[in-house]
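Numbering (numbering that gives the first Met the number 0), first residue to last: 0 to 748.
Keep in mind that the hints were calculated from the coordinates and are not lab data. Just to be clear, a hint being listed does not mean it is correct.
What the hints assert, rightly or not - Label pairs and their computed distance ranges (CB to CB):
#  : residue 1 : residue 2 : range
1  : Lys201    : Met26     : 23 to 29 Å
2  : Ser446    : Asn113    : 32 to 38 Å
3  : Leu156    : Phe394    : 23 to 29 Å
4  : Gln160    : Lys201    : 18 to 24 Å
5  : Ile398    : Arg594    : 42 to 48 Å
6  : Tyr579    : Ile341    : 47 to 53 Å
7  : Thr37     : Asp462    : 25 to 31 Å
8  : Thr531    : Asp81     : 38 to 44 Å
9  : Ile21     : Asp534    : 55 to 61 Å
10 : Asp81     : Lys170    : 33 to 39 Å
11 : Gly180    : Pro132    : 24 to 30 Å
Unchecked claim - Cross-link-like lysine-lysine pairs, in silico, DSS-like; alpha carbons within 30 Å at most:
#  : residue 1 : residue 2
12 : Lys359    : Lys298
13 : Lys298    : Lys376
14 : Lys553    : Lys526
15 : Lys508    : Lys184
16 : Lys252    : Lys161
17 : Lys502    : Lys458
18 : Lys553    : Lys502
19 : Lys376    : Lys466
20 : Lys170    : Lys201
21 : Lys470    : Lys359
22 : Lys170    : Lys153
23 : Lys184    : Lys201
24 : Lys458    : Lys359
25 : Lys502    : Lys526
26 : Lys20     : Lys376
27 : Lys544    : Lys466
28 : Lys130    : Lys184
29 : Lys184    : Lys110
30 : Lys508    : Lys458
31 : Lys458    : Lys376
32 : Lys137    : Lys553
33 : Lys130    : Lys502
34 : Lys137    : Lys376
35 : Lys110    : Lys376
36 : Lys201    : Lys130
37 : Lys470    : Lys458
38 : Lys170    : Lys130
39 : Lys137    : Lys170
40 : Lys252    : Lys298
Just so you know, these numbers come straight off a predicted model, no measurement behind them. For each residue, glycine too, the CB sits at the ideal point set by N, CA and C.
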Amino acid sequence: MSSFFPRIADLIVRKPGTLSKIILVLMVISLIGMTMVTMETGNSTYMDVNSPEGVLNDHYTETFQKETIILLIESGDSTSPDLLHYIDSIEEPITHLQYVTSVTSITDIIKSLNNQVLPSSSGEMTEVMAKVPSNVLKGYVPSGMLNMATVSLKSGLSDSQKTSALTNLQKFISSSNPPPGVSVKLTGSAAFQQQMKTEMGKSMGTLILAALVLMVLVMGLMFGYVNHRFLPVVIVAAGLVFTFGFIGLAGIKISMAVISAFPVMIGLGIDYAIQFHSRLEEEARDHPLPEAIKTTITKTGPAVMYAMLATCMGFVAMYISPVPMMQGFGLVSIIGVATCYITSLIGIPLIAILINYQAKGHGNSKQAALIDSVLSKTAVWIARRPVPVLLVVLFIAFIGLQLDPLIPVDTNENSFVPPDMPAKATLDKVTRTIGSTDSAPIIIHGSNVLSLDSVRWMKDFTDLEVKTRSKITRGTSIADYVITYNNGVIPQTQSELDAALAKIPESIKSTYVNGNNEAVVQFNTVKLTTTTKSDLKNDIEGDLKLYPPPPGIKADVTGSFAVFTNLVSDIVESKDLITYTGFILVILFLGLAYRNINALTPIVPIAAIVGWNAVAMYVMGLNYNPMTACLGSMTIGVAAEYTILVMERYIEEKENTPDVIEALKNSVSKIGSAILVSGLATFFGFSALILSTFPIISNFGLTTIIAVAFSLIGAIAVMPAILSFIDKVVHGVQEFEEEVLHIPHPPHQ
């Protein structure tokens, strides 16, 4: 490692032209890679698709749920013959659209009960519809003004194919001439997910642009004591291009959480660039440019690298989370900060040699001197009173640890997206009418799920749950359709059952049955919070144990209902473990890298900041979600950056002076401005998240800028206290050993 950085410096100084050409080629490749970046939404971002639950959910989705688009049809009378004839007239043309497999609506049931003909009068229509059980009817006609039809798409469609299917369907509906007063809107899982991806793409561009604009403002106001003050922003922009390119070429998909990793990269990337730029400016004032570049790379390169690697330890800890979205955040963050570090390490010295960089002048600006003076005086005041400061700091952190379990966990995907997203607005309208559009599906699998005993059990269990569980509004299974096509009663023999099954339209049957070995029961619920969903899931699973299906048949709760309720427990169970693992990894790394007792001091402010975050979240009424659940681990990574920079400079200054107060004063006075500018730039980088139209991302932005502010406080206020305290403890131990045990020590070791 000792020869690596000098070689980099020599390469930049001796062959800047060749290196520039290589970087330009890499930039072009990265720009190509950026076009290959794809978005990922859906259950695969929340659960491991290879786990037993993931395999079951995928099979259920593929077999019964598939990709569906809901046609929400609003009118003055949902049973009007004109309206139902219109719905019937659009079904067949829709099935001929590309990527569509089937369309199901109330007209299919009415026709099958009326010799394949739709009644022409209201009286006849009412008479036929009276034969349909209420729980079946409500699935298609939820109110007097709403009808719903389900359009099923082919399995395994790409994003572009889904978009094409939605576009074609929307065009067809727009040209279908519905009766006066009738409107048709698209909603459902496919429309929701596709619109989410579109909004995510827009949001990502907005976030990155906003972060860069805010950083330009900070650099313009606070980084004026160097020449070419906006150079770090250019370096970060280049680092993002390289990061995006690598992600696209590597086939890594961008999820909702991963989008938030980009402002993290911008914030930390600007910090790396500022550290290199500040040191280059400092060295170039008194030395020739080649020598200044060599000193900058060989001195600042390793120091910032250690801080970057410690930051990555916090992100590595996210890999123990069972939630793929959180793992993706950790992976992309590691790629991003490493790329931004390398870009700063090479980019700033290379640009300096190409433009023949000239330092702005001798000495710091008045602004920088004032900032350094205020920060150093603050550090000295704190260093003289380490114990009271640490007691207050740790007491607040302790309160945070007690409050943390009281912070709710929210995994409702509808609450994550922009409230004005059309598919969500339509879903909300349905929810207000019929309760939650989510269902709690139970997949039933075994040797013969269409036996008389099995079908009777489905009916009995459905009735039991609707009767005893107030949060369940209705339950539907193949048994309800069997009754519909068996003159309103449950069959008494297997032959009667088989005859009734034969009458059910295939488009309906395939929604509830897959051959003879699989079936599904769909429970609809009132609108539920995440916690009540989890409670209901536990209740249903308990009832399945008390009232099990016939021998040879199993029943499991699955679908998005199970995914998001399992997500709550996954987040709660892994959140603290991720944080503790991050602590352990950072401690091990610092111990191995520095082999100095002072190297472990950053752990105290980092631990305190994690506790402070919990206090802030509780007071502000913020919830944990799949993104803020990784806040502890991410805070460890970000806080490590600032605290390690202070610790490194302190160790360096301690070699020049035995006085801990003087060493701390010199440390903070020399790097105070750079840390503050870095911190504020990072702060504004994170604050760009608040501009996101996604509530889950904007809330994450709010919590992270609080964490960044706390990280700055930890570096400027807590680090002097813990370093001073450790120094007093070490000297106390040495005095005890010298006076009592007569073990000699070098002066001020």
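To see whether the hints hold, each was checked on the structure:
{"no.": "1", "hint": "Lys201 / Met26: 23 to 29 Å", "verdict": "holds (25 Å)"}
{"no.": "2", "hint": "Ser446 / Asn113: 32 to 38 Å", "verdict": "holds (36 Å)"}
{"no.": "3", "hint": "Leu156 / Phe394: 23 to 29 Å", "verdict": "violated (56 Å)"}
{"no.": "4", "hint": "Gln160 / Lys201: 18 to 24 Å", "verdict": "holds (21 Å)"}
{"no.": "5", "hint": "Ile398 / Arg594: 42 to 48 Å", "verdict": "violated (35 Å)"}
{"no.": "6", "hint": "Tyr579 / Ile341: 47 to 53 Å", "verdict": "violated (30 Å)"}
{"no.": "7", "hint": "Thr37 / Asp462: 25 to 31 Å", "verdict": "violated (45 Å)"}
{"no.": "8", "hint": "Thr531 / Asp81: 38 to 44 Å", "verdict": "holds (41 Å)"}
{"no.": "9", "hint": "Ile21 / Asp534: 55 to 61 Å", "verdict": "holds (59 Å)"}
{"no.": "10", "hint": "Asp81 / Lys170: 33 to 39 Å", "verdict": "violated (23 Å)"}
{"no.": "11", "hint": "Gly180 / Pro132: 24 to 30 Å", "verdict": "holds (29 Å)"}
{"no.": "12", "hint": "Lys359 / Lys298", "verdict": "holds (21 Å)"}
{"no.": "13", "hint": "Lys298 / Lys376", "verdict": "holds (26 Å)"}
{"no.": "14", "hint": "Lys553 / Lys526", "verdict": "holds (28 Å)"}
{"no.": "15", "hint": "Lys508 / Lys184", "verdict": "holds (25 Å)"}
{"no.": "16", "hint": "Lys252 / Lys161", "verdict": "holds (17 Å)"}
{"no.": "17", "hint": "Lys502 / Lys458", "verdict": "holds (19 Å)"}
{"no.": "18", "hint": "Lys553 / Lys502", "verdict": "holds (27 Å)"}
{"no.": "19", "hint": "Lys376 / Lys466", "verdict": "violated (70 Å)"}
{"no.": "20", "hint": "Lys170 / Lys201", "verdict": "holds (23 Å)"}
{"no.": "21", "hint": "Lys470 / Lys359", "verdict": "violated (70 Å)"}
{"no.": "22", "hint": "Lys170 / Lys153", "verdict": "holds (19 Å)"}
{"no.": "23", "hint": "Lys184 / Lys201", "verdict": "holds (23 Å)"}
{"no.": "24", "hint": "Lys458 / Lys359", "verdict": "violated (82 Å)"}
{"no.": "25", "hint": "Lys502 / Lys526", "verdict": "violated (34 Å)"}
{"no.": "26", "hint": "Lys20 / Lys376", "verdict": "violated (47 Å)"}
{"no.": "27", "hint": "Lys544 / Lys466", "verdict": "holds (18 Å)"}
{"no.": "28", "hint": "Lys130 / Lys184", "verdict": "holds (28 Å)"}
{"no.": "29", "hint": "Lys184 / Lys110", "verdict": "holds (24 Å)"}
{"no.": "30", "hint": "Lys508 / Lys458", "verdict": "holds (16 Å)"}
{"no.": "31", "hint": "Lys458 / Lys376", "verdict": "violated (76 Å)"}
{"no.": "32", "hint": "Lys137 / Lys553", "verdict": "holds (28 Å)"}
{"no.": "33", "hint": "Lys130 / Lys502", "verdict": "holds (15 Å)"}
{"no.": "34", "hint": "Lys137 / Lys376", "verdict": "violated (72 Å)"}
{"no.": "35", "hint": "Lys110 / Lys376", "verdict": "violated (85 Å)"}
{"no.": "36", "hint": "Lys201 / Lys130", "verdict": "violated (49 Å)"}
{"no.": "37", "hint": "Lys470 / Lys458", "verdict": "holds (18 Å)"}
{"no.": "38", "hint": "Lys170 / Lys130", "verdict": "violated (35 Å)"}
{"no.": "39", "hint": "Lys137 / Lys170", "verdict": "holds (28 Å)"}
{"no.": "40", "hint": "Lys252 / Lys298", "verdict": "violated (37 Å)"}
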